[in-house]
Amino acid sequence: MISPQLRGKLWKWNGTLGILSGFFIFIGLFLGLVVSPPDYYQGEVVRIMYVHVPFAKAALLSYTTLFLGSCVYLWKKDLIVDNLCHAAAGIGVFFTSIALITGSIWAKPTWNTWWTWDPRLVSFAILLLILIGYLMLRTFVDDKKREASYAAVMAIIGFVDLPIVYFSVEWWRTLHQPMSISTRGISIAPGMLVPLVFMMIGTTLLSLYMLMMRTQMLYLQHLLEAKQGGLLSEEPS
Amino acid sequence: MIKLGERQSLRQIYMQWTVVLIIVAVIFALAVFRYNREIAAISPEVLLQSRPDGMVRVLGRVVSGTLNKKESVPTFHLSHESILKEHTEIFVQYIGKPDDNLRESKVLIVSGFFDPEKMEFTAQRLLPVSNVEFIVAAYLISILSLMLFLFNMERNVILLSVLIKEEKGYQPEGVTTDGSA
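Line by line, the protein sequences are chains A and B.
Heads up: the first sequence at position 201 corresponds to 201 in this note's numbering, and the numbers run straight through without jumps.
Heads up: the second sequence at position 81 corresponds to 81 in this note's numbering, and the numbers run straight through without jumps.
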């Protein structure tokens, strides 16, 4: 069980995380929209990369958190960890949806289509469906403990999609471009790399901030429900 | 009823978000300024009507069959980007570095000077089409929805804290919700 002191300390750090993420994102946005050069072939439209790539990475980070949290929940059965998983799923849905939408917008001028049945796109869309399924499952079960356990099992099974998303551009011939930053090196111009790195750091910090904020929100919701429920079921003295 | 402390927290959130909105608006304004200064282009029709003196960018399609790369200075005709519309053509000579984007039927932006007497356009740079509407759509969708999502979450946390405190305040010990002691 996470101690209330540790929980308090984590929530205190939340403000710092928010400010730091805002700083990196503002600098990244400025560099990406105003300073960075256009791509030789794609032109200005390459600027979509500065929101699409960090949001996609944040989506993968959210699911990784969900997976790890689910493992810990099944082991420890801690309510806060369950809240964290629930929060990670909600944030995951948000980032995955935005990454898919911005990807589709980027695809139109570069591939001349909004959507194609490419392994990266399909596996990413499946990730969104898994996350939506996870959130739906949480509304179907009445018993809170069973709901949390079933959802954790589903999240662990669904994790199998994550390596497919990540390595799909390496395993199959895809229309989607391969990883620009990998063990093979960096295949991106420095003028574009700097804003991308700023946005990546900012979005990572932001997803952590959102995770803590949403966990706090779900915790307070449960607390309120418990308080109301507890009072209603109390025997008159 | 929201008490003074909570009201201050809410006010703090609104002030924080006003600052965030201002910063985002400034960044977007700078981006629009850069677009107007370095990217925005006119069509060949507008070029022939306005006949500007200085450096100008013209957006158009390389007319199929007119591109001549054999000479030291490549030449071609540039027309309206849409092949469906009635169009005016301008003669362009490209004096910049060799560019892979210079192809038959390719839509591109040429940046250079127009000579109204010779009716010739001397292009120094070639730029791919800006597709600015796609960039605007992607940024608006991602940044606005992110801000809304985040703001809603922060506001909910404060409102839930208020509700929890009220729940505590309105329930005297040993009294149930139906009022029986």
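To be clear, the hints were calculated from the coordinates, so they are not data collected in a lab.
Hints are supplied without guarantee of correctness; some may be wrong.
[To be verified] Restricting the straight-line Cα-Cα distance to at most 25 Å, the calculated cross-link-like pairs of lysine to any residue (SDA-like) are:
#1 B:106 / A:175
#2 A:57 / A:157
#3 B:106 / A:57
#4 B:106 / A:12
#5 B:70 / B:146
#6 A:57 / B:70
#7 A:12 / B:10
#8 A:108 / B:122
#9 B:97 / A:189
#10 A:108 / B:155
#11 A:108 / B:10
#12 B:97 / A:42
#13 A:12 / B:34
[Claimed, not checked] Cβ-Cβ distance ranges computed for the label pairs, FRET-style:
#14 B:75 / A:132: 29 to 37 Å
#15 A:157 / B:37: 35 to 43 Å
#16 B:89 / A:115: 35 to 43 Å
#17 B:147 / A:12: 38 to 46 Å
#18 B:100 / A:12: 50 to 58 Å
#19 B:105 / A:72: 18 to 26 Å
#20 B:65 / A:186: 40 to 48 Å
[Claimed, not checked] A short, non-exhaustive set of chain B residues, derived as facing chain A with CB atoms under 10 Å:
#21 33
#22 95
#23 115
#24 138
For each residue, glycine too, the CB sits at the ideal point set by N, CA and C.
Hints versus structure:
no. : hint                     : verdict
1   : B:106 / A:175            : holds, 21 Å
2   : A:57 / A:157             : holds, 20 Å
3   : B:106 / A:57             : violated, 34 Å
4   : B:106 / A:12             : violated, 56 Å
5   : B:70 / B:146             : violated, 52 Å
6   : A:57 / B:70              : violated, 47 Å
7   : A:12 / B:10              : holds, 17 Å
8   : A:108 / B:122            : violated, 31 Å
9   : B:97 / A:189             : holds, 20 Å
10  : A:108 / B:155            : violated, 36 Å
11  : A:108 / B:10             : violated, 41 Å
12  : B:97 / A:42              : holds, 18 Å
13  : A:12 / B:34              : violated, 39 Å
14  : B:75 / A:132: 29 to 37 Å : violated, 56 Å
15  : A:157 / B:37: 35 to 43 Å : violated, 53 Å
16  : B:89 / A:115: 35 to 43 Å : holds, 36 Å
17  : B:147 / A:12: 38 to 46 Å : violated, 24 Å
18  : B:100 / A:12: 50 to 58 Å : holds, 55 Å
19  : B:105 / A:72: 18 to 26 Å : violated, 58 Å
20  : B:65 / A:186: 40 to 48 Å : holds, 42 Å
21  : 33                       : holds, 8 Å
22  : 95                       : violated, 19 Å
23  : 115                      : violated, 27 Å
24  : 138                      : holds, 4 Å
When held up to the earlier numbered hints, the structure conflicts with 3, 4, 5, 6, 8, 10, 11, 13, 14, 15, 17, 19, 22 and 23 and fits the remainder.
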